[in-house]
Amino acid sequence: MGITFVKDSIEFFTNHRQDFQDDLLKEAINVREKIEEIQFIGNIDLLSNAHKLVMYTLDGNLKQLEIFAKKEGVSWASHSLTLSFKLEWVQAIRRTIWKYLQKLNQSTPIDLTEENFFQLERKINDSVDKFLNEFFLSYSEYKDKLIESQRMLVENLSVPIIPITTKVCVLPLIGTIDTSRSSTIEEKVLNEISRLRIGTLVIDLSGIAEMETEVIEHMMKIIEGSNMMGCKCVITGLRPDIVRKVTKIGLTFENKAETKATLQQALEDYLVS
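Position 181, counted from 1, in the sequence shown is what UniProt numbering calls 181; the numbers after and before it change by one each time, with no gaps.
Some hints here could point you the wrong way.
[Stated by the list, open to error] Result set (BS3-like, lysine-lysine): computed pairs, CA atoms no more than 30 Å apart in a straight line: (1) 167 - 256; (2) 70 - 52; (3) 130 - 143; (4) 71 - 99; (5) 232 - 256; (6) 52 - 63; (7) 232 - 260; (8) 260 - 167; (9) 143 - 63; (10) 256 - 221; (11) 52 - 130; (12) 103 - 52; (13) 7 - 103; (14) 145 - 63; (15) 232 - 245; (16) 26 - 99; (17) 34 - 52; (18) 256 - 188; (19) 99 - 145; (20) 7 - 63; (21) 145 - 71; (22) 52 - 7; (23) 232 - 221; (24) 248 - 221; (25) 7 - 145; (26) 143 - 71; (27) 245 - 221.
[Claimed, not checked] Label pairs and their calculated CB-CB ranges: (28) 268 - 214: 31 to 41 Å; (29) 37 - 141: 17 to 27 Å; (30) 141 - 253: 37 to 47 Å; (31) 91 - 214: 43 to 53 Å; (32) 264 - 224: 23 to 33 Å; (33) 125 - 209: 51 to 61 Å; (34) 176 - 141: 24 to 34 Å; (35) 250 - 132: 52 to 62 Å; (36) 253 - 152: 54 to 64 Å; (37) 190 - 62: 43 to 53 Å.
Please keep in mind that the hints were generated in silico from the structure rather than gathered at the bench. Beta carbons: idealized from backbone N, C-alpha and C, even for Gly.
Based on the provided sequences and hints, a complete structural model is requested.
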């Protein structure tokens, strides 16, 4: 086994490429029905990519194998393709490689020693395993980045600062505010005050069902921070249960923010006047 074997095996697999693909499709029962769908969804040619994996494996080109695996991981992750299909496909490739190595040995006896056989076994299986490892790492990293970017997008959308005039903006908050979201609100508010040079920020809380004590305290700090940047805060839509919590913990909006019963009232005051 050596350079001659590598050359012979690559030539053998190249000459029998169509037969290899036919046998591969017989091995990968579930995947073969999805080949056209996967190519349509992600522009991924499974048969062509299988040939690349075989060539990199036989040639021992681990660098290209790693690059190829990472590219494949991103492609599958970006199109949300099923990992179970990929695993079945690669394992089918592994089995078919061994089937054709056996055919090569039968047609051109290599007369491998026991030591050489196990070297070949390690080379083939280690290469396929390396491909799988790099593929799954790349897939996972891309998915994590995608989830993080989507999370940031959702957070930004959950803090919609709407310009009403050149100096007046409205921040309508809905849903539940936890400590994580209140931190996002603080960051977005202070950044937008600086960027838009907001003079008055109307924070409407009529859509907030509940607010824990820690969040109320954090909202007070957001108001204080806004004031320090020269922005006046107007609070609208305070629910009775939130008011009770504010007074219970001894906090007050006095000298920190103006309060209005409704967002409509605040807009009428600032737009009409």
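Structure-based check of each hint:
no. : hint                  : verdict
1   : 167 - 256             : 18 Å, holds
2   : 70 - 52               : 14 Å, holds
3   : 130 - 143             : 20 Å, holds
4   : 71 - 99               : 27 Å, holds
5   : 232 - 256             : 8 Å, holds
6   : 52 - 63               : 13 Å, holds
7   : 232 - 260             : 13 Å, holds
8   : 260 - 167             : 18 Å, holds
9   : 143 - 63              : 23 Å, holds
10  : 256 - 221             : 10 Å, holds
11  : 52 - 130              : 14 Å, holds
12  : 103 - 52              : 20 Å, holds
13  : 7 - 103               : 15 Å, holds
14  : 145 - 63              : 24 Å, holds
15  : 232 - 245             : 23 Å, holds
16  : 26 - 99               : 12 Å, holds
17  : 34 - 52               : 19 Å, holds
18  : 256 - 188             : 19 Å, holds
19  : 99 - 145              : 39 Å, violated
20  : 7 - 63                : 19 Å, holds
21  : 145 - 71              : 15 Å, holds
22  : 52 - 7                : 15 Å, holds
23  : 232 - 221             : 13 Å, holds
24  : 248 - 221             : 17 Å, holds
25  : 7 - 145               : 41 Å, violated
26  : 143 - 71              : 13 Å, holds
27  : 245 - 221             : 16 Å, holds
28  : 268 - 214: 31 to 41 Å : 33 Å, holds
29  : 37 - 141: 17 to 27 Å  : 25 Å, holds
30  : 141 - 253: 37 to 47 Å : 46 Å, holds
31  : 91 - 214: 43 to 53 Å  : 50 Å, holds
32  : 264 - 224: 23 to 33 Å : 26 Å, holds
33  : 125 - 209: 51 to 61 Å : 56 Å, holds
34  : 176 - 141: 24 to 34 Å : 31 Å, holds
35  : 250 - 132: 52 to 62 Å : 60 Å, holds
36  : 253 - 152: 54 to 64 Å : 30 Å, violated
37  : 190 - 62: 43 to 53 Å  : 49 Å, holds
When the structure is compared with the earlier hints, violations turn up for hints 19, 25, 36 and for no others.
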